[in-house]
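Trainee: Protein sequences appear in the order of chains F and X. Okay, so the first sequence: first residue is 1 according to the UniProt record's numbering, each after it adds one. Okay, so the second sequence: first residue is 1 according to the UniProt record's numbering, each after it adds one.
Please note that a few of the clues may not be correct.
Said to hold, decoys possible - 30 Å max Cα-Cα, derived DSSO-like pairs, lysine-lysine:
| id | chain 1 | residue 1 | chain 2 | residue 2 |
| --- | --- | --- | --- | --- |
| 1 | F | K71 | X | K162 |
| 2 | X | K160 | F | K65 |
| 3 | F | K63 | F | K79 |
| 4 | F | K79 | X | K160 |
| 5 | F | K79 | F | K65 |
| 6 | F | K170 | F | K79 |
Since the hints were made in silico from the structure, they are not lab data.
Listed here are the chains, written in short residue letters.
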Amino acid sequence: MSDPILSVEGLQVNYGRVEAVRNVSFEVATGALVTLVGANGAGKTSILNAVSGLIRPRHGVIKFKGQDITKWPAHRLVKAGLVQVPEGREILGTLTVAENLSLGGWHRGSTLNANVARVYDRFPVLFERRRLHAGALSGGEQQMLSIARALIAEPEILLLDEPSMGLAPKIVDEVFSVIEEIRSTGTTVVLVEQNARRALAAADFGYVLETGEITHSGPAHELLADEKVIEAYLGLD
Amino acid sequence: MQLFLDGIFLGSIYALFAIGFTLVFGILDRLNLAHASVFTAGALVGIEVVSRFGISIWLAIPLVLVLGALLGVLIERIAFRPLAGRHDAHFAGLISSIAFGAIILSLLQALFGADTRRFPADAFPQARFEILGATVSLLQVIILVISVSLMVVLTWLVAKSKLGRGMRTIAENPHAAAVLGLNVGRISSTTFAISSALGAVAGVLFTLNVNAAQLGIGHAVELKALAVIVVGGMGSLPGALVGGLILGLSEVLAVNYIGSSWRDMVAFGLLFLILILRPQGLFGARKTREV
């Protein structure tokens, strides 16, 4: 394995007295698709938000391309190429699709237009609706917009938080094919999902989380084949 | 005509104050009740630098602008940012900004005393001229020009600039703004700086207009400005402008035709009437919320 692009060591996240994440360590190899799976409340989003600089962890060290980024604020991380597609999409409903996309390029002055053009090529539906308020899009389109907006920031590593949540199965297929496509262009992907089977099927490596701790880890196909993991943690969906 | 012009001059100062207010209230969704103290500080410090140090009023106005901006940064850092993570951040910020405003007022009282203060007689141009039968002082024209140009610059800034886009993004969804890599802290404190700079300049201009300032002037204007931004439509800059002008005009006209004790009655009555006819305010969009 080449040097990891992202490494997390001994991460602990607290909300008041509640320990949401306890002593979590993991690594993400450059160019890999790594997934963190687990039930609702297992601490997946807290981990992503700590990595993204949106919340400050209690303990632990987070490194991005070998640099300690534990205390970096979110805007600095986005500029450095660590970009999140947040849970619930967080599109700006009263702004147009085009305005949402250009916000994705907040730190990308000169390449913004080229990036937007490329995203429109890949997502023709966003081009068609570029003048509409983003709030008028369907759930699937909003998810595509949220991913497209993150791509405009030119991520080296893209963190996706529950991108399939609340979407119809056919749209979930589309989201996953977009994720695999992103990965095939060399962008490292960290995928947080409740839809564990689906995520593990797409990923190279997986971590299983339960109540704030990593209970299993390994190559994704091995986790998928491990009946104990399936039964105990992944359910029979 | 004379009354109309006087009303416009007064109204433009109200508008300038209200626009600073609504910038933070409407865009960042924070009610900064220290804004009135910034207005007072602008007025008193403006008088002080002109009368004690003999600085020309043309230099004093930019100085006060800078002072206001610094106060704005302090207000954001001290009264609002530490509370930002609380679930009752709006209310907590409102209270702490009252406290911060009180501290500013106490400092002003310690520095300058509680007496009414005026500019020295020769501090500003006395020239007067006639327009359409009305007498207008050069000073009034200057007040109007300064407030209108500040408002134009600000409106452009919010509508077109990158900073303005950042402000509007934070207004809609601060979490999304942070995820997208916007420096939410810096944009917020810049917004406070601009807001307070306008409030402080409004204080100097108001004092130039009536040539008197004491510690209480801010509070009188604060209530009026709150009414103005509600009537104009929350967060609407043109609304604050038009609302300010309506208030200025109605006050001047009421004093002249009905009597000065009726001034507030008429002015606020009119604002009330507008709200009954148009509850979202003159320029406010009807809020639609998605489920």
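Trainee: Need the status of pair K79/F, K65/F: alpha-carbon distance at most 30 Å?
Mentor: Cα-Cα ~14 Å, so holds.
Trainee: Holds or violated: K71/F with K162/X, Cα cutoff 30 Å?
Mentor: 26 Å, holds
Trainee: Can the restraint linking K63/F and K79/F be considered satisfied, given a maximum Cα separation of 30 Å?
Mentor: 15 Å, holds
Trainee: Are K160/X and K65/F close enough, with their CA atoms no more than 30 Å apart?
Mentor: 36 Å, violated
Trainee: CA of K79/F to CA of K160/X, is that 30 Å or under?
Mentor: Holds, at about 23 Å.
Trainee: Is the hinted pair K170/F and K79/F satisfied, with a Cα-Cα distance of at most 30 Å?
Mentor: 33 Å, violated
Comparing the model with each earlier hint shows violations of hints 2 and 6; every other hint is respected.
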